[in-house]
Every structure is written in C-alpha cells, then in structure tokens.
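Asker: Read off the chains here:
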Amino acid sequence: MASQDKISVYNLADLKNTSDDAIPNYLNSLRFRQSHRLTDTRLALGYSAFLLAAACFAWDYRFGFEATKPYTAAAVALYTLLNGALTVWLLYVERGTVYVGTSPGGETVRITTGVRKNVPVYEVTVEVTPAKGKGNGKKEVVQVKRAFTEWFDGAGRFVAAPFQGMLAGSFAVVGKADPKRAAAAAGEGKRGEEGPAAAAYTPEMLEMLAKADVSVVGSAAEEVTGSEAAGKKGGKRRKA
Amino acid sequence: MFSSLGNPRQAAAQLMNFGLILSTAFMMWKGLSIVSDSPSPIVVVLSGSMEPAFQRGDLLLLWNRNLFSETNVGEIVVYNVKGKDIPIVHRVVRKFGTGPDAKLLTKGDNNAADDTELYARGQDYLNRKDIVGSVVGYMPFVGYVTIMLSEHPWLKTVMLGIMGLVVVLQRE
Numbered sequence: 001m002a003s004q005d006k007i008s009v010y011n012l013a014d015l016k017n018t019s020d021d022a023i024p025n026y027l028n029s030l031r032f033r034q035s036h037r038l039t040d041t042r043l044a045l046g047y048s049a050f051l052l053a054a055a056c057f058a059w060d061y062r063f064g065f066e067a068t069k070p071y072t073a074a075a076v077a078l079y080t081l082l083n084g085a086l087t088v089w090l091l092y093v094e095r096g097t098v099y100v101g102t103s104p105g106g107e108t109v110r111i112t113t114g115v116r117k118n119v120p121v122y123e124v125t126v127e128v129t130p131a132k133g134k135g136n137g138k139k140e141v142v143q144v145k146r147a148f149t150e151w152f153d154g155a156g157r158f159v160a161a162p163f164q165g166m167l168a169g170s171f172a173v174v175g176k177a178d179p180k181r182a183a184a185a186a187g188e189g190k191r192g193e194e195g196p197a198a199a200a201y202t203p204e205m206l207e208m209l210a211k212a213d214v215s216v217v218g219s220a221a222e223e224v225t226g227s228e229a230a231g232k233k234g235g236k237r238r239k240a
Numbered sequence: 241m242f243s244s245l246g247n248p249r250q251a252a253a254q255l256m257n258f259g260l261i262l263s264t265a266f267m268m269w270k271g272l273s274i275v276s277d278s279p280s281p282i283v284v285v286l287s288g289s290m291e292p293a294f295q296r297g298d299l300l301l302l303w304n305r306n307l308f309s310e311t312n313v314g315e316i317v318v319y320n321v322k323g324k325d326i327p328i329v330h331r332v333v334r335k336f337g338t339g340p341d342a343k344l345l346t347k348g349d350n351n352a353a354d355d356t357e358l359y360a361r362g363q364d365y366l367n368r369k370d371i372v373g374s375v376v377g378y379m380p381f382v383g384y385v386t387i388m389l390s391e392h393p394w395l396k397t398v399m400l401g402i403m404g405l406v407v408v409l410q411r412e
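Chains A and B supply the protein sequences, listed in that same order.
Start counting the first sequence at 1; every next residue gets the next number (this note's numbering).
Start counting the second sequence at 241; every next residue gets the next number (this note's numbering).
Isolated chain B (complex conformation) (with noise of 0.2 Å):
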C-alpha cells in the first residue's frame, strides 16, 4: 500500500479523496446550518424527559426561523441554558408578550413540574434568542449511535480509523 507514495501525486490525490469526504460532510453540515439559521439543526434526545413524543435516541431537526409566525405555545423546542453544555427538548408551555422580548416557559411532557429549576440561577423564563430551534421532524432510535459514540469515546477513533484505512486501501 505504501507503493503509493513513490508517486507524490497519486499519494496527495489520495489523502484529498480522504480530505474530501470529512470537509463535505462538515460543509453539509454547516449548510444546514444556514438554511436552517440554527447552530446545531440536528440534535439527538438524551432523555426521557418528553416521553411518549420523543423517546432518547430520537434524531430531531431543527427549524430556526420565524418566517410565517412566531415561536408559540404548544411548540417543541431546543434551547441552551447559560453555564450548561447540554442543549435541551421542551415543549413551550406559556408565553408573555410578543417579539423577541416575548418570555417563554417550557416544560418537558413527561415531567412533573416545570423547567425553572433547570434554567439558570436567577433566570425565570426563556427569552427567543436563547432557543436554538423549533422540532420540525424526527427519526426515532438513529440518534443511538451517537449516544454510543458519546459514551464510549474510544468507539469514535475506531470508526475514524477504519474509515481512513478503507479509503487509502481502497483507492477508489
């Protein structure tokens, strides 16, 4: 297999092949992004939190515009919390005012009360620019994968291993 690199152009065409794979799923990635105007337009359910709807391991996708209306009562929504990591899936269960200054407050349908205890210190309600999109649609039990991948590192380098090693092997 080493053959290859007495050919400096043949070994570079290679790599670019390899390259080229990783650069255009990232690209289709951010381009979802764009059209959908969300950080993060596909998210996996973590929890059980929105039981009997979503079920952990459910792929979602994202929608983060308001082009005919706005984000309202009865939606299900991703949003970030300040100082957690961890995006999370609610349903918006109240909502104050209008525009962007609108405060929302959600709930998960499978839970008890409602999400103040999981906001932020001192934060009471959502405002619109904290929501990282509205759930469009979904794949229930893809997102597994990438539940396993999360919670065992080591399966990540393995993949990426293996699929480097079929391209260079492969040539093709």
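In isolation and in its complexed conformation, chain A is listed as follows (with noise of 0.2 Å):
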C-alpha cells in the first residue's frame, strides 16, 4: 500500500497511490494551501448514504418489515439518489483529482493524476487558475506523462528528489515555489540533449539516494535508477 517502505513495482496500483501521496506532501512544503473541499464533499455525501441505510436496518431489524414499509421505500429512494449523486461526483467533478490548493503566489492548483491499464506511466494534469485581478484569468492545463521509473527505483522505493524535480521541472506553479528542483531538473534536460556528460546531482539528490540505500555509480540519475531497476529484476528472476 501507499506510503509503505517498499511497494511492488508489479502493481500499478500501489506506484499511482505511493505518488499521489507524495504530491500533497511534496506541495504543502512549499507552503501551497490545500483545500480540501472535493474529499470532504464525497466524505459527506458517502457517510450520509451509509448512516441512512444504517438507519434503515435499525428500524427494520426494530419494528419489522411491514410497519416500517414507506420509510424504507422513502430510505431506498434516498439512498440511490445519495449514491447516484456519489457516483456522479467521482466521474465528473474530482475526475481523479489528488491536490488543490493554492499556490504561494495565490494561484489556485488543481492536480489530476492518472495510469492507463498496464502501462506504467504517470499521468499528470496540473490546471492553474490565475489568481483574481491577475492574468486574463483563464486556466492553464498542462499535462506531462513521464514512467514510475524514473522515481521508483527496482526494489520498489519511493524517492523523492527525482519526483519532485519531476513536478517542479514541469509545472511552472510548482517550479516557481521550488526554484532550487527546478533549476537541476531542468539541467538535467539539458544534460540529456548534450550527452551524459556532466552529473547533475544535487547535495539533496545524494543525500536522498545515500538513505535510500542505492548505489550510485553512473553519472546520470535516471540512468543510474534504470540500470539499478534491471539489475534488481533480473537478480529477482534469476532467483525464481
């Protein structure tokens, strides 16, 4: 599961989760906002739904079925209404949304993520509303896909400096807060145009990677994390 110490990098699932988890935590360091007006919405309106049929038992199990007839016809009524309006609210308004909040500089950020069936790749969708007063006010959308590997390394840890270079790297909003992860991420672009010539790690970088027990011995983050991911699968399937 998310958060844990060590996923499975087979599951799709927990690669999605783990990152999702890491957005908010990532974010909020950079003292964005985090409202949580979509989660508390679905909260209310799933609890509702539930504490009604929890209702509806009560009565049935007190007073039987044939007494209490209208009221769980009126809780059966209710309660596909709540749970249609529950479905509703998934598919069309949090559409997989794991973050908004607003940014340092007031915009408003709201981050959807994403996986395709069998394909490890992450999908992120960051939408940026312009403060009021600011801009033309229209919002931005940027989407960028980039694969669980450059960010999980072949035993299934979770590291965070590549991701959230990632992030800082290809949002402006986030790159603006974090200008430090911006900058070696996008050195790191260029560096991969030139050649992998120059290493592009930050004190941070190593640090990160020291404690996460992975040795280093390429020059280039993602090549170093690509070749430790094959050699850790293969070591595993060799031993199967």
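These are computed hints drawn from the structure, not numbers from a lab.
Hints are not guaranteed to be accurate.
As the list claims (entries may be wrong) - Only pairs whose alpha carbons sit at most 27 Å apart, straight line, appear in this in silico DSSO-like list of lysine-lysine:
| # | chain 1 | residue 1 | chain 2 | residue 2 |
| --- | --- | --- | --- | --- |
| 1 | B | Lys396 | B | Lys324 |
| 2 | B | Lys396 | B | Lys369 |
| 3 | B | Lys324 | B | Lys343 |
| 4 | B | Lys335 | B | Lys322 |
| 5 | B | Lys322 | B | Lys347 |
| 6 | B | Lys335 | B | Lys396 |
| 7 | A | Lys69 | B | Lys369 |
| 8 | B | Lys343 | A | Lys176 |
| 9 | A | Lys69 | B | Lys322 |
| 10 | A | Lys138 | A | Lys176 |
| 11 | B | Lys347 | A | Lys69 |
| 12 | B | Lys335 | B | Lys347 |
What the hints assert, rightly or not - Residues from chain A that keep clear of chain B, each with C-beta distances beyond 12 Å, as calculated:
| # | residue |
| --- | --- |
| 13 | Arg42 |
| 14 | Thr129 |
| 15 | Pro130 |
| 16 | Ala131 |
| 17 | Ala172 |
As the list claims (entries may be wrong) - The calculated label-pair distances, taken between Cβ atoms and stated as ranges, are:
| # | chain 1 | residue 1 | chain 2 | residue 2 | range |
| --- | --- | --- | --- | --- | --- |
| 18 | B | Arg305 | A | Val121 | 53 to 59 Å |
| 19 | A | Ala147 | B | Val406 | 27 to 33 Å |
| 20 | B | Phe258 | A | Tyr61 | 18 to 24 Å |
| 21 | B | Pro380 | A | Arg95 | 30 to 36 Å |
| 22 | A | Ala74 | B | Arg296 | 17 to 23 Å |
| 23 | B | Asn306 | A | Thr41 | 18 to 24 Å |
Backbone N, C-alpha and C fix where the C-beta goes; we use that ideal spot for every residue, glycine too.
Using the hints, put the two chains back together into the complex; each one sits in its own frame.
Answerer: This is how it looks when you write it as structure tokens:
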C-alpha cells in the first residue's frame, strides 16, 4: 500500500497511490495551502448514504418490514439518489483529482493523476487558475506523462528527489515555489540533450539516494535508477 | 497498511468504501423487498419436499403483489407459520372463498399429506397475509452457499474478514 517503505513495482495501483500521496506532502512543504473541499464533499455524500442505510437497518430490525414499509421505500429512493450523486461526483467533479490548493503566489492549482491499464506511465495534469485580478483569469492546463521508473528504484522504494524534480521542472507553478529543484531538473534536461557528460546531482539528491541505500555508479540519475532497476529485476528473476 | 491512519481523510475514505459496499448490498435487498412487496424476496429451498420442481439449494425469487389476479390454486408460495421462524415453500392445492379472507391449503409436491400438520396448533388453513410471496423465478443450486454459511457459521466470519481485508489493503 501507499507510503510503505517498499511497494511491489509490478503493482500499478501501488505505484500510483504512492506517487499520489507524495504530491500533497511535497506541495504543502512548499507553502501551498491545500483545500479539502472535494474530499470532504465526497465523504459527506458517502457517509450520509451509509448512515441512512444503517438507520434503515435499525428500524427494519426493530419494528419489522410491514410496519416500516413507507420509510424503507423512502430510504431506498434517497439512498439511490445519494449513491448516484456520489458516482457523478467521482466521475465528473473529482475525475481523479489528488490535490487542490493555492500556491504561494495565489494561483489555484488542481492536480489530476491517472494511469492507463497495464501502462506504467504516470499522467499528471495540472490546472492553474490565476489569482483574482491577475492575468486574464483563464485556466491553464498542462499534462505530463512520465514513467514510474524515474522515481521508483528496482526494489520498489520511492525516491523523492526525482519525483519532486519532475513536478518542479514540468509545471511552472511548482517550479516558482521551488526554484532549486526546477533548476536542477532543467539542468538535467539540458544535459540529456548534450549527452551524459556532467553529473547533475544536488547535495540533497545524493543524500536522498544514500538514505535510500542505492549505490551510485553512473553519472546520470535516470540511468542509474534505470540500470539499478534492471539489475535488481534480473537478479530476482534469476533467483526465482 | 496503517500509514493511512496518519491521514484521517484517507482512512475515512477507505472505511467509507467498505461501509458503502455493505450498505449498497443491504439497500439493494431492501429495494427488491419494496418492489416485490415481500419482506424476504429471495429465499433458499432447504428441503426436498417440493422435488422434482425444486431441490435443496435452489434460489427462489418471490413476488407478493396481486396485480392481475389473486393467489390461486397451483401457485407455489412461501409462507410463514406463527411460532416457527423458517419459511416453507409449498404449492397451494385448495382454496375456499376469495379476497383477503380466502382459506388456502398447501402441500409439498413430494409429501404424502397436506400441510395441516405443519401449521400452528389449531390452524387448519392459511390466509393471504401468511404468505410471503409466490415463486416467479428460480436459480438452481446457487443457494447452496447460504446453506453452507448457515450450517457452518464460522464461514461467515471468515468471509467478512477476507472482504474487509481486501478492501482495506487494495484501496481501489
């Protein structure tokens, strides 16, 4: 499950959930103010439906079916409505939203993530609505698709630095709040174009990698994670 | 798995998902009850008294509304007897009178005698209100699961435990 030390790298739901959980952690540490309105509405809908069913069970158990028929009929109708509303809410309002918040600059940020079945690629969509009175008030939507291998090592450990670099480098709102990571990510991108010459490790990243107990051999972070992953996977398969 | 406890909203959402599975199953059952006007719209055959029509373990779908015609001779009905909590599935073989006061006599197809022995002490016939519903459909053998569950109650605990564990661990 999410935010465990290690997850199974073959479990797409685990990969997604762990990454999803890391987003609020990171953004809240950058002084984003998280809004829980979507989650709270969902919980309110779900729990009121559940409580209604519990009440229906209680009166049915206590007074029997015949005596409470009209109430049960009303409860069934209301439950159907509440559950329908919950489904609509999940499908059309939340649509896989994992984070809503306000950036330090006042923009409203909404982050939606998703994965396609059996494709280990994380699809992150960030919607930015500028602060009132600033800009033209138009929503700006950016989508990025990145492989999970960039921030999970072969053993299934989540490595925060590349993940945060991915967010900071791809999305301007995050980058503004965390210029160091954004710069590092940008440098890495440039180096990627020029060839794997200069190492682009920041001190934190090295510390993170050391903590994560990953041996650093190559020069580029992605290459290391990649080869490490391949090596470990190979090892496992041989053992099996 | 307990890391989610650190995030109350996430824990609440997981608990809610589990609760909604249970409550949706219950409300579907109640909805079926309301539509068929029967307190127990689906029953499982427990005995062989209606063979060859129904065998032990068959699942019966009941309908308790007299929309077009009254409950008549030949219909297979499920009825409750005062003082006994197990419903019985038998066929109506005689009917005297009409309306809610009609006197009905039932008999199992596979039984030698009619049901007067099975009725409560001093009761010689059934009224319409004793009947839980008429059989309108059946599914062979499916009900054996519930027979197993009621004969081995620990299976229920095991099943509920597995369901809960799956929901809590999977988060989907």
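Asker: Decide, hint by hint, whether the structure agrees.
Answerer: Hint check:
At roughly 24 Å between alpha-carbon atoms, lysine 396 (chain B) and lysine 324 (chain B) fall within 27 Å of each other, so this suggested pair holds. For the hint pairing lysine 396 (chain B) with lysine 369 (chain B), the CA-to-CA distance comes to about 32 Å; that exceeds 27 Å, so the pair is violated. Simply put, lysine 324 (chain B) and lysine 343 (chain B) have alpha-carbon atoms about 20 Å apart, close enough for the 27 Å limit, and the pair holds. With a C-alpha separation of about 20 Å, the suggested pair lysine 335 (chain B) and lysine 322 (chain B) falls inside the 27 Å cut-off, and the hint holds.
Restraint check: the Cα-Cα separation between lysine 322 (chain B) and lysine 347 (chain B) comes to about 17 Å, which is no more than 27 Å; the hinted pair holds. The straight-line distance between the Cα atoms of lysine 335 (chain B) and lysine 396 (chain B) is roughly 41 Å, outside the 27 Å bound, and the hint therefore fails. Of the supplied pair hints, the one linking lysine 69 (chain A) and lysine 369 (chain B) holds, its CA atoms being roughly 15 Å apart against a limit of 27 Å. At roughly 84 Å between alpha-carbon atoms, lysine 343 (chain B) and lysine 176 (chain A) are farther apart than 27 Å, so this suggested pair is violated.
With a C-alpha separation of about 21 Å, the suggested pair lysine 69 (chain A) and lysine 322 (chain B) falls inside the 27 Å cut-off, and the hint holds. Of the pairs offered as hints, the one joining lysine 138 (chain A) and lysine 176 (chain A) holds, with about 19 Å between alpha carbons and a cut-off of 27 Å not exceeded. Pair hint lysine 347 (chain B) plus lysine 69 (chain A) does not hold up; C-alpha atoms about 30 Å apart against a cutoff of 27 Å. Between lysine 335 (chain B) and lysine 347 (chain B) the alpha-carbon distance is near 12 Å, which keeps this suggested pair within the 27 Å criterion.
Its closest Cβ contact with chain B, about 7 Å, brings arginine 42 (chain A) to no more than 12 Å, contrary to its assignment away from the interface. With a least beta-carbon separation of about 23 Å from chain B, threonine 129 (chain A) lies farther than 12 Å from that chain, consistent with its non-interface assignment. Distance check for proline 130 (chain A) against chain B: the nearest CB is about 27 Å away, which clears 12 Å, and the non-interface claim stands. For alanine 131 (chain A), the non-interface assignment is confirmed: its Cβ lies about 26 Å from the closest Cβ of chain B, beyond the 12 Å cut-off.
With a cut of 12 Å on Cβ distances, alanine 172 (chain A) stays outside the contact zone with chain B, its closest approach being about 28 Å. Checked against the hint of 53 to 59 Å, the C-beta distance between arginine 305 (chain B) and valine 121 (chain A) comes to roughly 54 Å, which is consistent with it. Between alanine 147 (chain A) and valine 406 (chain B) the CB atoms are about 29 Å apart, so this pair conforms to the stated range of 27 to 33 Å. Checking the proposed 18 to 24 Å range against phenylalanine 258 (chain B) and tyrosine 61 (chain A) shows it holds: the Cβ atoms sit about 20 Å from each other.
With their beta carbons about 43 Å apart, proline 380 (chain B) and arginine 95 (chain A) fall outside the hinted range of 30 to 36 Å. Look at alanine 74 (chain A) against arginine 296 (chain B): about 37 Å separates their beta carbons, and that is not inside 17 to 23 Å. Judged by the Cβ atoms, the range 18 to 24 Å given for asparagine 306 (chain B) and threonine 41 (chain A) is violated: they are separated by roughly 44 Å.
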